[in-house]
Each structure stands twice: as structure tokens, then as C-alpha cells.
Amino acid sequence: MDPLSLGLLVAVATVAILFSGVSVAVGLLIVSALFLLVFDGARSLEMMPEIFFADLNSFTILSIPMFIIMGAAVASTRAGADLFEALERWMTRVPGGLVVSNLGACALFSAMSGSSPATCAAIGKMGIPEMQKRGYPDTVAAGSIAAGGTLGILIPPSVTMIVYGIATETSIGRLFLAGIVPGVMLTLLFMAWAIFATWRSGNAMVLASRHYSIRERLEILPRVVPFLLVIVGVLYSMYGGIATTSETAAVGALLCLGMAIVIYRMWSPVAIWGVLRDSTKESVMILFIMAAAGVFAYMMSSLFITQSIAQWIAGLEVNRWVLMILINIFLLVAGFFLPPVAVILMTAPILMPILDAADFDPYWFAVILTINMEIGLITPPVGLNLFVINSIAPKIPLKTILWGSAPFVGCMFLAIFLLCLFPGLATWLPDVVMGPSL
Amino acid sequence: VELRLSHQFAPGDLRHKIAQMVADDVAAANVDLSIKIFPSGSLFKATEQYIPLSRGQLDMTVFPLSYAGGQHPEYNLTLMPGLVKNHDHAARLIASPFMAEIEKVLNDDDVMTLVHGYLAGGFASVDGCVRRPEDVKGKSVRAAGKGFEEMLQAAGASIASMPSSETYNAMQQHVLQALNTSSSSFVSFRLQELAKCYTPAGDIALWFMYQPMLINKTTFDRLTPEQQQALRDASAKAEAYYLAEASKEDATSVEVFRAAGVEIADLTQDDFDAWKALAETSSYKSFEGNGKKLLDMALSVE
Amino acid sequence: MSRLPHAGLPMPGGNPFVRGVRAISTVCGWVAASLTVIALFVTCHMIFVRYALGHSTIWQTEAVIYLMIGAACIGLPYVQTLRGHVNVDLVPMALPRRGRLVLAWVVQLATIAVIALIAWYSWEVWHQAWDRNWKSPSVWGPRLWIPYMVLPIGFGLFLLQLLADLVALAIGEDAPFGMKEG
Ligand code: NA
Ligand code: NA
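The listed protein sequences correspond, in order, to chains A, B and C.
The opening residue of the first sequence carries number 224 in the numbering used here; numbering runs sequentially from there.
The opening residue of the second sequence carries number 71 in the numbering used here; numbering runs sequentially from there.
The opening residue of the third sequence carries number 315 in the numbering used here; numbering runs sequentially from there.
No lab work stands behind these hints, which were simulated from the structure alone.
Mixed in with the good hints there might be a few duds.
Partner residues are not named here, just some residues of chain B that face chain A (Cβ under 7 Å, in silico) [to be verified]: (1) Ala80; (2) Pro81; (3) Ser110; (4) Ser112; (5) Ala116; (6) Gly208; (7) Pro233; (8) Glu263; (9) Lys266; (10) Cys267.
Ideal Cβ positions, reconstructed from N, Cα and C, are used throughout, including at glycine.
All chains, full assembly: derive it from the sequences and hints.
Laid out in C-alpha cells, this is it:
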């Protein structure tokens with residue numbers, strides 16, 4: 224069977240199985256087992272537990288459970304509520320002020336975390352209930368956090384960029400710099416949409432009618448100091464040469480747990496277990512999906528599907544911008560099914576030479592690729608951030624989360640379009656800081 | 071027949087070129103044999119190649135053998151401080167009874183060697199040069215290989231074990247002050263952008279890592295004699311190229327670092343002896359039984 | 315997914331098998347949470363030892379990885395009792411009662427089959443590491459059967475919980491996909 228039809232068959236089977244209602248991770252394992260058995264022989268099945276283990280066998284995954292603990296600890300105390308109360312009192316003049324500050328918080332967390340589901344879980348845990356409480360539509364509350372979380376792999380540090388750097392022998396430092404301006408731009412686009420959507424829903428009127436005096440605004444400030452200190456501590460530990468990116472997540476978790484227990488008097492073992500139970504539930508769920516997606520990616524690589532399609536695109540003789548559009552469509556479709564790191568490992572070695580030949584800048588392309596991967600995180604059938612939101616906000620139906628995320632996908636398309644029009648958005652900052660690339 | 075070759079290296083890396091050369095030559099031989107390469111760890115992750123290879127789930131790999139040192143301690147001997155002095159010495163070691171013993175261990179796991187080869191490496195640091203054991207005292211260093219970690223620890227360095235993917239970031243943030251790896255990897259990771267000083271593998275070098283191309287033995291035995299011959303011919307040609315290029319990689323890395331304005335620190339014989347003496351009291355001591363016997367065999371190679 | 319937070323959880327019924335298995339899975343939850351907290355402290359310990367004391371960190375990175383793999387595997391049955399493994403339930407929700415029941419059986423049996431497969435091969439992986447006395451190639455060099463052990467234990471207990479869920483579905487203690495009629 225040729226790779227294109229095989230790829231189509233995998234796509235159809237994956238969609239069909241995942242929509243049957245089976246849990247996502249198990250569904251991915253079922254598809255992988257079926258295709259490995261039929262096209263690779265029974266011996267390949269033996270590998271499944273080892274691939275599963277190998278996918279978790281990485282220090283960088285530590286940041287996910289740690290950021291989840293961080294979010295759960297803050298959300299379970301008054302710290303989270305205080306923070307959002309403060310944001311509301313200070314940002315009432317801005318329509319959708321709270322969703323804007325949530326997106327800002329996502330961008331800030333992205334600067335601490337290299338992974339998107341971690342960012343999503345940490346902010347969503349606090350942010351979504353607060354937004355719902357203050358009358359924001361569910362679509363905006365869920366969609367903004369799902370999309371805001373994806374910034375984790377665009378704004379440095381980023382696991383995706385590191386893997387791209389190693390696979391293509393490009394500079395990781397330059398890649399990180401290339402992600403900053405597009406990351407800020409995407410954050411602003413997300414904010415613009417969130418403000419518009421909130422305004423359209425009619426709730427902005429209600430929010431804007433509340434007025435807080437200067438006194439009310441000032442008196443809330445001392446209550447957000449502990450949380451700000453935690454943020455400063457985490458950023459200092461990371462950018463001050465104390466700990467690596469993944470290690471920093473544990474510092475953040477310890478500081479947040481400590482803050483909850485010492486400052487907010489969360490002394491009862493029942494309350495602490497509550498935080499740990501919630502975070503265990505979410506991190507096990509996410510890690511299970513990530514490892515299963517790794518097994519799925521092994522199946523795809525083993526059957527050479529992704530690589531063959533990339534090679535087929537590479538062989539087409541078309542105009543360089545048609546080529547770029549085709550590559551984008553391909554990355555988009557790959558991102559529907561595969562985790563970002565797997566897509567990069569399988570396609571970067573094949574796509575790099577054609578990009579070179581067509582004279583596209585590899586740092587600029589890394590940003591384009593990362594935004595494509597961000598889209599994959601909030602699109603079915605395998606959209607890790609969607610599942611994170613689904614888990615931390617079980618009352619919001621998946622349909623609403625999808626519906627709320629869709630316009631943010633539009634923002635990302637717009638960002639890709641702008642980057643194609645103005646490649647300088649990605650290349651300007653690294654050129655200024657590190658000199659022109661060779 | 072199609073064989074699958076998986077490795078962890080980027081397509082621009084020498085080790086990928088070796089694999090590609092063999093694949094191209096075998097294809098050109100017209101013996102109904104082709105090799106499909108999975109680079110960059112896109113099939114199995116960096117350190118996970120050996121088990122599937124020994125079980126026949128993977129046909130071929132280019133693999134730093136010491137990664138499998140947890141399964142056979144003897145493999146740790148292929149990455150020992152000061153054991154190999156230079157590339158010519160490495161070539162003699164490859165032809166020695168020591169390597170024949172290693173081959174026997176491989177054969178027991180249903181694996182055999184197609185292309186032998188050592189790559190050299192050195193140190194890059196973000197403050198002060200690494201020339202002698204005293205230079206790493208109190209510094210946070212990431213070493214490649216168990217033997218080096220033991221030696222550096224004995225020198226008073228703080229060994230930071232972290233994945234290679236985190237090293238660039240860690241050096242940028244000064245969490246890591248020095249890094250020890252192969253010349254090719256220094257260039258691949260673009261550490262010249264961060265390093266202040268580079269201690270390359272020159273006429274005298276400390277760090278040599280054995281990175282052969284391996285094949286599953288049962289898979290090889292099942293090939294027709296013509297196919298086996300084509301594979302052997304291609305491998306012999308690749309091995310000669312590997313040896314010639316290995317020392318060029320060292321020179322290239324020096325050029326790259328020098329062009330980036332990084333200070334270059336060359337080891338003297340005296341520096342080398344200081345490290346070797348330290349290694350003898352630390353990393354060399356952990357071998358016993360068959361490992362000790364093989365260590366002595368390796369040390370006896372002139 | 316449109317259900318209330320805990321509406322999907324089966325009622326604690328009278329079946330001793332279902333109850334017993336759930337108790338075991340709950341213990342798994344405690345274990346997984348403890349492993350995560352230990353990983354947290356080990357990481358902070360590592361940062362402190364390296365940054366403040368300037369000592370070598372030999373075992374911490376690897377230990378943290380194994381602790382997290384342990385938490386991920388051993389936590390599987392517990393998260394199953396909480397119905398925490400998310401799914402896409404648009405189709406089951408749209409189906410009529412009878413169709414939903416049939417689909418629930420198909421999905422549950424397929425899940426059991428694939429998890430049983432992985433549990434079985436996990437046992438083989440563990441046994442090989444045990445039998446050949448494999449160690450990790452690091453300086454610390456722990457025996458690999460110890461971290462590998464969480465694979466057969468985690469998937470084995472996950473399988474047990476899935477079987478208990480099947481029993482609960484068969485005797486009517488649990489509704490298909492946890493969706494109440496109405
Ligand atoms: Na980030
Ligand atoms: Na997706």
C-alpha cells in the first residue's frame with residue numbers, strides 16, 4: 224500500500240476510534256497496535272511497553288506535574304481568588320479585562336515553562352472558574368486558556384524549539400529569540416479576539432458598569448504579594464543561573480505548596496490531599512496521553528508514513544510559496560494527530576534541505592512550524608490542551624471548548640500569514656542580538 | 071530486502087553520512103538490498119537503539135556503544151579517559167584482540183559490527199579553560215560517559231546529569247559551567263555561541279568514544295552471500311572514510327570555535343598525565359572480572 | 315463531558331469485587347501522589363546541593379524520572395476510578411440508550427484487550443531486565459528491573475480496574491459511559 228493511502232487509512236481509523244468514546248490514550252494505543260500488527264508484524268507489538276517507557280523517560284516531562292501542582296495549590300487557596308479579584312479591580316475599564324489578564328498570565332507562564340499542557344493546566348485551574356464566576360461566556364473562558372496555553376512552545380523556553388534546533392543543527396539560542404516577537408504578537412491577537420468575543424456576548428457591559436475606588440484598588444494589592452513573590456522566585460531561579468527550565472518547575476511547585484500551607488494556612492491533611500489528588504489525576508491523564516501519543520508516533524514513523532508524505536512534497540516542482548502552503552497544510556494535518564516533538568523529529572530532516580533550496584530562513588520556518596504545532600494542540604482528534612481544559616473544567620462540554628478555541632485557531636492562521644508577509648517579525652530580534660545568521 | 075537503520079544524529083552529522091554512504095553503496099550494488107535510514111532519533115530515542123537491535127526489531131544502527139554499558143560493563147571500556155591517545159592509536163585498538171573480545175560480547179547479543187570507528191572530543195566551558203583536573207574543581211560539569219563522570223567527580227567537579235537537550239539552555243544560564251562531548255556534537259549544538267573556552271581534541275586528547283555501525287547478526291546471516299558481500303564492501307569503504315574524517319571533525323570544530331572568538335586551550339602531555347593518573351584511581355578502579363581483563367588488554371595496545 | 319463533575323462515577327454498590335478493586339486503585343492514587351511529591355523534593359534537593367553546596371548531583375535526575383514514570387503508571391487505575399482518562403463523548407451522547415450500551419461494551423472490551431496486551435509485554439520487559447541483571451548506564455547505575463517494575467504493576471492493576479468496571483456495567487451498577495438516562 225502506498226504511503227498516502229496508508230496515511231489516509233490511519234487518519235480515518237484514528238478519527239473513528241477516538242470518536243467511539245474510548246479514552247484518548249487507550250484509543251491511540253488501539254490504533255497503534257492494530258497498524259503495527261497488520262503492517263509490521265506481531266513482533267512489533269512487543270516493543271509497545273518499551274516505547275511507552277522511553278517516551279516518559281525524560282526529565283523535561285517533570286515540568287508538567289510540577290506546574291499542575293503549582294496551579295492546583297494556588298487555585299485551592301484564596302491566593303488565586305485574590306489575584307483575580309485584584310485583576311478585576313484594576314482592569315474594569317478594559318472590556319474583557321479578566322480574559323486579557325488571563326492571556327497575559329499564560330504568556331508569563333510560557334516564559335517559565337517549555338510545554339503547552341503545563342501552561343494550560345497551571346493558568347486554567349485558577350482562571351477558568353474565575354472567568355465563569357464573573358459572567359464570561361464558557362466559550363471565551365475555555366478557548367482563551369486552551370489557546371493561551373499553546374504559547375508555552377512559542378515563547379522561550381520551548382521544548383519544541385530545542386528539539387528542532389538539535390534535529391536541524393540550528394542555534395537553540397537564536398530559535399528562542401525568534402519566538403519572542405511572534406509570541407507577543409500572537410498574545411496580542413488572542414487578546415484582541417477575546418475582547419471582541421466578550422464584548423459581543425454582552426457581558427462586557429455588566430463588567431464595565433462596576434466601579435472600584437482607588438482605595439478599593441490599593442487595599443487588594445498586599446494580598447497578591449505572596450503570589451508575585453512566587454513568580455519572582457521562579458523567574459529568578461531560572462534566569463539567575465540556579466536551575467534549568469525543567470528543574471524550575473519543581474521550585475515553583477514547592478513555593479506554591481509552601482505559600483498555600485504557610486501563608487494561607489492550608490494545614491489540614493484533607494485539604495493538602497485534595498490538591499495532590501487533583502494534580503495527580505490531571506498529570507497522570509496527560510502523561511498517559513503523551514506516552515500513548517509517543518507509541519502512535521512510533522507506529523507512524525515505523526510505517527514511514529509521515530516521512531514519505533514529506534518526501535513527496537519535497538519532490539514536487541512548484542513555486543516556493545506554493546511549496547510553503549503545501550508544507551503548512553501538511554504540518555497542520557500532521558499536528559491534528561501527532562504531538563509536536565514527533566512531527567519535528569520525523570519531518571525536519573526531510574523538509575530542511577528543500578527549505579534551504581527554496582531559500583527560506585530556518586529560524587523563520589521554526590516559528591511557522593511551531594505555530595502549526597500550536598494549532599494541533601487545540602484541534603481534534605488529538606488536542607492535548609483541549610483534554611487538559613476538559614479535565615480541569617469538567618462542567619464545560621467538549622463541544623463548547625472546541626467552539627471557543629476555533630476563533631483562536633483563526634488568530635494563529637493570521638499570525639502565520641503575517642509572518643509570511645513580514646518575515647522580519649521572526650528574524651529581526653535574533654539578528655539584532657546575535658548578528659545576522661549565516 | 072529492506073533493512074531499517076536508526077540513529078540519533080542529525081542529517082548533517084558525520085555519523086549520518088557514514089550510514090548514508092553504506093546505504094548508497096549497497097543500493098548501487100544492485101543485489102536487491104536497500105537500507106532505510108531513520109535519523110535524529112525519529113524511530114528509537116538516542117539511547118534506546120541497542121535492545122531492539124539485539125532482538126532483531128531493528129536491523130542496523132550507528133551507536134555509541136557505551137550507552138549500553140548498563141547491560142555489559144565491558145562496553146564502558148569504549149569510552150574511558152586517556153585510554154585512547156589519538157586517532158592512530160584508536161585505529162590500532164580497533165585491530166587489536168581487545169576489540170575482538172568486545173565483538174564476542176556483541177555476538178552473544180546477536181549483534182555484529184560492520185563499521186568500526188572512534189570519535190574524539192573535549193571540553194567547552196563558560197568560565198575559565200579546562201586543562202587540568204584543578205580547573206574543574208567546584209564547577210558544574212556535564213560529562214559524556216560513566217568513566218568521565220567518575221573521573222571528574224574525583225577532580226572535585228559537581229557532575230550535573232541532564233539530558234543533552236537541556237545543555238544549551240543550562241550553559242546559557244550558567245547552571246552548567248563546562249560540558250564534555252564529541253567534536254561533532256559541539257558543532258551540532260552550536261556551543262561556540264556560548265563557550266568562552268574550548269579544549270579540543272588535538273595531538274593529545276582525553277576523550278575518545280567508540281561509535282560503530284552495528285547490524286543484527288541473524289538479519290545479516292539471512293542475507294544472500296551477494297548481499298552480505300555488498301554490505302561488507304560498502305562498510306569497508308565507509309570505515310576508511312570514517313577514520314579519515316574523524317580527525318578532520320576535530321580540526322573543523324576548532325575552526326568553528328576560533329571563528330566565533332572562543333579561546334582555544336590545548337592539552338600538554340603533562341595535563342594528560344594528570345588526568346590519566348586521576349582516572350586510574352577513579353574510573354579504572356570500577357572494573358573487575360572480565361572487565362578488568364579487557365581493560366588490561368586495551369591498555370596493552372601500543 | 316457535559317455531565318456533572320461526579321455524575322459519571324459509579325455509585326459504591328454492593329458488589330464486593332467491584333468495591334475491593336476500587337479500594338486497591340485508591341491506594342494506587344496515594345502511591346502515585348506520594349511518588350510525585352518525592353520527585354518534587356528530590357528535584358529541589360538536587361538544585362540546593364548543586365547550587366548552594368557545589369556538590370555533585372549523581373542520582374537525582376534519573377531518580378526523578380523513574381519516580382515520575384512510576385507515578386504515571388501506578389496512577390492509571392486510580393484515574394480510571396475517577397473517570398479521569400478523558401474521552402471524546404460526542405457520539406455516545408448522541409446515540410439512543412440501546413446503541414450506547416452496545417458501544418460501551420465494544421469500547422470496554424477493546425480497552426481491556428489492548429491494556430492486557432501491554433500488561434503482558436510489560437511483564438516480559440521487566441522479566442528480561444531482571445533476568446539479565448540490566449543496569450542503567452549512569453554512574454549511579456540502578457538495576458533497571460526496579461523502574462521497569464511499574465509497567466507490569468501499573469498496567470496490571472489498570473487491567474483489574476477495567477475488569478471491575480466491566481462487571482459494574484454488566485450488573486448495572488454503572489451506566490454506559492457513565493451517562494445517566496434521561
Ligand atoms: Na515557553
Ligand atoms: Na490536534
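So, going through the hints one by one against the coordinates:
Contact between Ala80/B and chain A, as hinted, is supported at the beta carbon level, the nearest pair being about 5 Å apart and thus within 7 Å. Proximity of Pro81/B to chain A holds as hinted, the smallest CB-CB distance being about 5 Å (cut-off 7 Å). Because the closest C-beta pair between Ser110/B and chain A is about 4 Å apart, less than 7 Å, the hint holds. The restraint placing Ser112/B at the interface with chain A holds, with a minimum CB-CB distance near 4 Å, inside the 7 Å limit.
Nearest Cβ of chain A to the Cβ of Ala116/B: about 10 Å, over the 7 Å cut. The hint is violated. This hint is violated: Gly208/B has a C-beta 15 Å from the nearest C-beta of chain A, more than the 7 Å allowed. Because the closest C-beta pair between Pro233/B and chain A is about 6 Å apart, less than 7 Å, the hint holds. The closest approach between the C-beta of Glu263/B and any C-beta of chain A is roughly 6 Å, which is under the 7 Å cut-off, so the hint is satisfied.
Given hint, Lys266/B at the interface with chain A, is violated; its Cβ is 15 Å from that chain's nearest Cβ, farther than 7 Å. A hinted interface residue such as Cys267/B counts as satisfied when its beta carbon comes closer than 7 Å to some beta carbon of chain A; here the least separation is about 18 Å, so the hint is violated.
In terms of the numbered hints stated before, the structure departs from hints 5, 6, 9 and 10, listed from lowest to highest.
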